[in-house]
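Q: Note that the protein sequences, when read in sequence, are chains D and E.
So in the working numbering, the last spot in the first sequence is 1574, and the numbers never skip.
So in the working numbering, the last spot in the second sequence is 493, and the numbers never skip.
Quick caveat, the hints were computed from the structure, so don't treat them as lab data.
Worth double-checking, as some hints may not be accurate.
Now the in silico label distances, taken between C-beta atoms and shown as ranges [what the hints assert, rightly or not]: (1) D:D1272 x E:T404: 45 to 53 Å; (2) E:T404 x D:Q1422: 32 to 40 Å; (3) E:F342 x D:R1561: 52 to 60 Å; (4) D:F1451 x E:K408: 32 to 40 Å; (5) D:K1260 x E:F342: 53 to 61 Å.
We treat Cβ as the ideally placed atom computed from N, Cα and C, and that holds for glycine.
These are the residues of each chain, in order.
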Amino acid sequence: MNNEIVACFPQWANYSHAFKYLFEHGFDVKYMTPPPITKRTLELGSKNSPDYVCAPFKYCLGCYIEALQNGANCLMQIFGACRLNYYGELSEQILRDMGYNFHFFNMANIKWTSPRSIMENLRVVNPEVSLVKVVKALPTTLRIIKVIDKFDNYIRHNVGFEVKEGEMESVYKEFSDKLDNLKNGRELSKLAKTYYKKIKQVQLNKPAKTYKVGMVGDYYTVQEPFSNYFMEKELAKMGMEVYRDMNLTNTLVHNQWKKRKKTAKKYAKYSMGATANFTVAETLMYARAGMDGIIQVKSFGCTPEIDAMPVLQNISRDYKIPVLHFSFDSQTSETGVKTRLEAFYDMVVARQK
Amino acid sequence: MKIGIPRALLYYKNEKLWTTFFDELGVEYIISPETNKEIVNAGANLAIDETCLPTKILLGHIDWLKDKCDMVFLPRVATAHGYGMCTKFLAQTDLVSNTFREHKLKLVFYNIDKRGTKAEYKAFKKMGKFLGFKRSQIKFAFFTAKQAQLYYEMFRTQNQERILQESKKNKVLVLAHAYNIADAFIGEPIVRALKQLDCEPIIAEYCDAKTCIKASTEISKTLPWAYNKHLVGAVSLLKDKVDGIVILTTFPCGPDSMVNEMIMHKVKNVPILVLTMDAQDATAGIETRLESYVDIINFKKERENE
């Protein structure tokens, strides 16, 4: 194995810029931006993973394999409240049995109460890691995440009403290219300011009354555009304003868990596991805000989201708001998704009249 | 006041604890019958398509109970043995109260949210007070019930250890959750079929939970679910003592979908058969698969003897 460490985290929305900053400035290792997800990624992933594991596992495994083929040698996985907790160990085992040689930084291994365990696990990434540097890089990383989410939110609300199509995307692309070569936190504020101005200057043709739709769903599927068949884009093309509150800002930087649990209390008294309470609370928030429809996306067999579905149906009945459920596996057809979205749009428009 | 206990999910883990507790307090209760086709169908109609089979069965049992009692007993258990649980145990009270909202179904339950030894007693105390009993009554009933459950499990474990040592038949370790192996619709036909094929089914669930959980680190270190840890630990303890392993899963069980794969990757020299059950029963197909599996075990044994 080459001595140079190349770290890689699976493709997940636009957050690779933040991870890149953390690993290059905090851990002092090279970071490889994961190759964008394609059909091949998913095929590789589903070929090597168990049959009815949730789709995000398949995406992650496919990403790992492609990254290893491209020269990464340090992979990582986060932990979570559901099956995500076990992703790390299982994917490591599968990849090792496939014959790959790599380091694996598994956050589920860390005992957070023991400093020794934390250091031991951080040393998996880089044996000479300095904790001071990692901690110093963290605030900027979190700020990058916030900036990315702010941009994404603005685009989500407005991209459907562009006068010249694709203008926003080109501004965003320029911005994210610059974000990749970020040196320090001060630079970030300047960059964010200039590009936020630029993206606001993009000409919009927004009618007074727009159709608003809220997106809820499981952590990965709702955030990663490929895994929900670019649904946000599709909705924007129809001229809809898309709202989505499930992002890293609301779960990691400013954790909204307690607030969301309180909001959901009327329907779900207790924690229902993983993102279920987020889904319920956000659906309620959107319903109260008077949105025209709600779309729930989830991967097939996601237990917390399935448990939230009867609750969403009750909310739908109480607030008279349409809720559309999508369940994605590795073999959902693109045309099927499109047809259902078009029908949903027609229904939303018809309800307004 | 009559309490209805659904014979599903956690019932199979706490059977004696619950019944003794209510007996000691003198609360009248009924337990729904063994799972049958009607109950499964009723549950499948009520549930979302993708829900796992045990949850569908739970809904079916509650559907059976809903007109026959005043309150349905359905606890929420978020941790066991200091480890996490599958999210369906966290969500089941909310799930049921939302599914049966039109029926105005009343639920009575205890809620174990925190880790630690006293959490269970505190949860029971709260439930007992809700039912209108004194603290001393609840304390006595709980500890009697806990002892009954403990002795019941100990007896089961010892009995199985004796079988494991004495039996000369082919020993097959059956790996399934408590609520699957003891269910009349899922597990019982498999155990019966194994006995008919002249095998000795060793139930992983009957092994001692604490030793198993300790032993499970040999196969998997970061496994988060207590019940799966129990089963995986049984594999690492018994894999050299049995002739084969049958993994019985329900579709689409979240934890099992990953843990089964892990077992397949780690345990190499024992023949493993994975059976997946769903709401459509097809016992004939499963019998054929078990027959050929037992043939493989016999074939392997003959080869080793030569």
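Q: Hint by hint, say whether it matches the structure.
A: Hint check results:
no.	hint	in the structure
1	D:D1272 x E:T404: 45 to 53 Å	violated (26 Å)
2	E:T404 x D:Q1422: 32 to 40 Å	violated (58 Å)
3	E:F342 x D:R1561: 52 to 60 Å	holds (55 Å)
4	D:F1451 x E:K408: 32 to 40 Å	holds (38 Å)
5	D:K1260 x E:F342: 53 to 61 Å	holds (56 Å)
Hint compliance for this structure: hints 1 and 2 are not met, and every other hint is.
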